[in-house]
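Student: Each chain, written out:
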Amino acid sequence: MQLLVQTLNGLTLAGIMFLVSSGFTLVFGVMRVANLAHGAFYLLGGYIAFSTVQVIGNFFLGVLVAAVTTAVLGLVLERTLINRIRGNVMAEVLLTLGLVFVIDDVALAIWGGDPLSLKLPGLLAESSTLPGSHLVYPNARLLILGVAVLVGLGLYYLLRRTRVGAIVRAGVDDREMVGAMGINVRLVFTAVFALGALLAGMGGALGATVLTLGPGSDATILTFALVTVIVGGLGSFEGAVLGSLIVGLLSNYGEAYFPSLAHFALFAPLVVVLLIRPQGVLGRTTA
Amino acid sequence: MNGVHGSADRAQPARRPRLGGRAQSVPLVARPQGPMLWIGAAAFIALTAPLLSQGGFYGGLVTQMLIFAIAAMGLDFLGGFGGLVSFGQASYLGLGAYGVAVSMRYGYGPWTAVGISLVVILLVALIVGPLAVRVSGIGFVIMTLALGQILFGLAFSWVGVSGGDNGLPILSAPVLGPIDLNKPSHMSFAVLAVFILSAWLLRTFVTSPFGLSLRGMMSNEQRLRTLGYATRLHRYVAYVISVFFGGLAGILFAFSNGLISPTAMDFHHNGVITIMAVLGGLGTLWGPVLGAVIIILFQQYLSIYVDRWATAMGVVFIAIMLFVPEGVWGLARKGARRLGRQLGRPAADGATTRALSAEAREPHRDGQNDGSGDEAEVRA
Amino acid sequence: MNTTAPAQAASTGEVALRVESLGRQFAGVKAVDGVTLSVSRGARLGIIGPNGAGKTTFFNMLSGELKPTSGRIEMFGQDVTRLPAHRRVALGLGRTYQVTRVLHGLTVRENLTVAVHGLSRSKLGLLRSWRAYRRQMEQVEELAASFGLENRLDVLAEALSHGEVRQLDVCLALALKPSILLLDEPAAGLSPAERVDIRALLNRLPPELTLILIEHDMDVLRSAVDEIAVLHHGEYVARGSVAEIQQNELVRELYLGKQAEGAELPKETALNAGTESGGGLV
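Taken in order, these protein sequences are the chains called A, B and C. In the numbering used here, each residue's number is its place in the first sequence (first place is 1) plus 1. In the numbering used here, each residue's number is its place in the second sequence (first place is 1) plus 22. In the numbering used here, each residue's number is its place in the third sequence (first place is 1) plus 369.
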């Protein structure tokens, strides 16, 4: 029973991780930008959801506001800053690092340095008995799982079944080709960056219900996301799914059974995967 | 290229991982030679020694600068000369410091603690290295950051050993005859001595055949392979050297600071050391020193006068990346060359022929992106 | 095996390189398909074929930069199919690239220094300046002098003319004193004058060197090789002396289509059209 609960907790964690890392991997795959501010977007999303819930009392609205705000922020930052140094890979990375300093500090000014936890209103604060067992499990975590699955399916549909997705995937495979096809690459980049920010913000809003939210959570979640995408394969959407499951489950078991060494639970899959498949489990070689 | 980075490389033909290498390649040759070097070193000592002997706030500040300069130079060895910019240097600085603090906590003397710490640094570098050098370019950034963050997480959560959030105190420093590092001024000069030794060592490394081949690898790794180089081994050795200087700085940090906490190796600090190297200019050993001086001055004074100094710092980082991505040193060199051209004489940076030829360079016809390159990248 | 009597090379009959049903697929497309051939020590073999024939892929497999999907490669009787590129270099394999790969950001002297250290343990040397390695420095000067680059030693590689870059590329490969040299279109993109230089350079190569040369320019081929092998769609379709290949009906068809009967095998321009932008499988 304990193991089952821990597994469910691991899956919840994997759900959050998936939301965050799929955004990171999309941006990386399409733009080749390692967005270090991705964790900061997560943090911001969590804080915004927290405040919205406090004011309005509706969690779903909170998630929506968080997601939209971070998406708009991502859009603006991409257009005004990242756009201007396109192509200088290291400068792009370091610029997003600058963003981390600013966003973290602004968040500190607004929400303070104490860790917060998003208290869910109404039904979401309760627990349900899972069908077919006597297991009582918090509704909030079930919600996270549900949302992660829905977002995953939605992204899958977007990437695999729509024209927009075809363009994005083509961008991952061969960016020059996309340019040659007469598609406005800049627009694609901006949209992808905003989508990435949206996913991070949404992840933050949901994550805040089960993980503590405070200064430093951004770095923690970014670390998880980095390991997830390395394990799954940089730039691979399916890799983000698989990587989140591996990292989410392992780190949750680690946390539960060997709390002081939980971070080795991140290191282990990294070692194993990289020694066997340096490009990540589902990473593609450039064929 | 291998794995993770493969497609990135393909899509960006002539791009190199170095900063500012977008449109032109600034030659990495403006290193002072012979007498210039000695004059520079003497001037440097003449400048720092009085401040260090004076002790107090300024002495401490300069000591701090030198410590971070060592770490940043180590980062530059791999980043500026090998094209692999690490994002985990502060974590190795922390590792070095924790190596000392944890050893002393278990009752070892300061000298033994230094020895243990050095062994730990090398061991971790040797173990982690094979992972890090499997990827290059942006993949390397991500990998080193992830590894660094894992180290940070370990320091944070392994409370039984590391003291967790509160960190560990380092209560006494080594004593060698008349030299007592418990005295701040002695400590400061010890740091200066280690700094000079490190700079000298790194400079030797950079000008060695190994250093030369690192630069070659940054330019075209595949070519190096068909010239007989086991490039991954080279990267590995360079990585271990780079990490070692991070750890060395950490040992000094532990004794001069008297306390090590996980904060010193967190995400922000990892970023800051990278920014130091980049701001000063990758590819010269003076660059990171300059960067360390600027950033630490900035941090100090900004935190005194500005409440939201972190925001200001972030804004400055962003501005640097937008306007001077090649770093201060690169900017100065570009300016010097422009000035030299205007005055109708060779560039003022001592590397006359080379600078000139770089100027005269015709736009390059072959990107390094022919079909064969793509094919080769398919190799796992 | 060698069929024609080599004009200028000292072929001893010992097999330098043997390739057995070597193949490589890219996403199901056969870039090289079951090529079997052998080259004697000291022989000079040209490889021709239309764009996309798999010539460079073939080279990449020989050099170890690309893993074959089938077949095996032997150098001097030793199976090297699984050896990484740098180990093959140690066995005496050198190469150049169609799109030259000299080391930018380094001077000619530095380029050559990297190359001359390539096979000795000194490449891991950390404690002495590379300028302090006397023997290697002399070697660099000699190499540069023998290729007319002695006045360009302190010039950055990217500041060289196209012809000089080609020379430097060959020079880098020769610095390792290879016994088998793979040259990938050494004359591509050169001016007629530079083309003459490269021909002279090829003629000066040590006679015991085994040379395999991808080239479209028949003039270059005529003066540099004894034999030509033809690749088409990744398959090895013909081999013979330069004259035989020029007479070969099949080869003419491949290059010119049937309507061009009687036409002379075209010179560089016609054959080479589009090579510079060559797609992935050239």
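No lab work stands behind these hints, which were simulated from the structure alone. Certain hints may be false.
Derived coverage of chain A by chain B (criterion: at least 3 residues anywhere in the stretch with Cβ under 8 Å from a Cβ of chain B; other residues may be distant) [said to hold, decoys possible]:
#1 74–84
#2 209–216
#3 263–277
Over the 10 Å line for every Cβ pair with chain B, so calculated as not near, a few chain A residues [as the list claims (entries may be wrong)]:
#4 Met91
#5 Val107
#6 Ser118
#7 Thr163
#8 Leu223
#9 Thr224
#10 Leu243
#11 Leu283
Note that the Cβ used here is the ideal one computed from N, Cα and C, for glycine as well.
Student: Three residues or more, CB to CB closer than 8 Å: is that satisfied between the segment 209–216 of chain A and chain B?
Tutor: violated (count 0)
Student: Confirm or reject: leucine 243(A) is not an interface residue toward chain B, with every Cβ-Cβ distance exceeding 10 Å.
Tutor: Non-interface label on leucine 243(A) holds, nearest chain B Cβ at 16 Å vs cutoff 10 Å.
Student: Looking at methionine 91(A) again, its CB stays over 10 Å from all of chain B?
Tutor: violated (5 Å)
Student: Verify this for me: three or more residues of the segment 74–84 of chain A with a beta carbon less than 8 Å from a beta carbon of chain B.
Tutor: Our answer is that it is violated, as 1 residues pass the Cβ test (under 8 Å) against chain B, missing three.
Student: For the segment 263–277 of chain A, do at least 3 residues have a Cβ located nearer than 8 Å to some Cβ of chain B?
Tutor: holds (count 9)
Student: Once the closest CB in chain B is found, is it more than 10 Å from leucine 283(A)?
Tutor: holds (12 Å)
Student: The output says leucine 223(A) does not contact chain B. Does that hold with a beta carbon cutoff of 10 Å?
Tutor: About 7 Å separates leucine 223(A) from the closest Cβ of chain B, which leaves it inside 10 Å; violated.
Student: Taking the closest pair, is the beta carbon of threonine 163(A) still more than 10 Å from chain B?
Tutor: holds (23 Å)
Student: Does the claim that valine 107(A) lies outside the interface with chain B hold up, using a Cβ gap greater than 10 Å?
Tutor: Since the minimum Cβ distance to chain B is about 6 Å, valine 107(A) lies within 10 Å and the statement is violated.
Student: Examine each Cβ of chain B, and state whether all of them lie more than 10 Å from the Cβ of serine 118(A).
Tutor: The claim holds: serine 118(A) sits with its nearest Cβ about 18 Å from chain B, beyond 10 Å.
Student: Is threonine 224(A) truly not at the interface, in the sense that its beta carbon sits beyond 10 Å from all beta carbons of chain B?
Tutor: Nearest chain B Cβ is 4 Å from threonine 224(A), so the label is violated.
Checked against the numbered hints given earlier, this structure breaks hints 1, 2, 4, 5, 8, 9; the rest are met.
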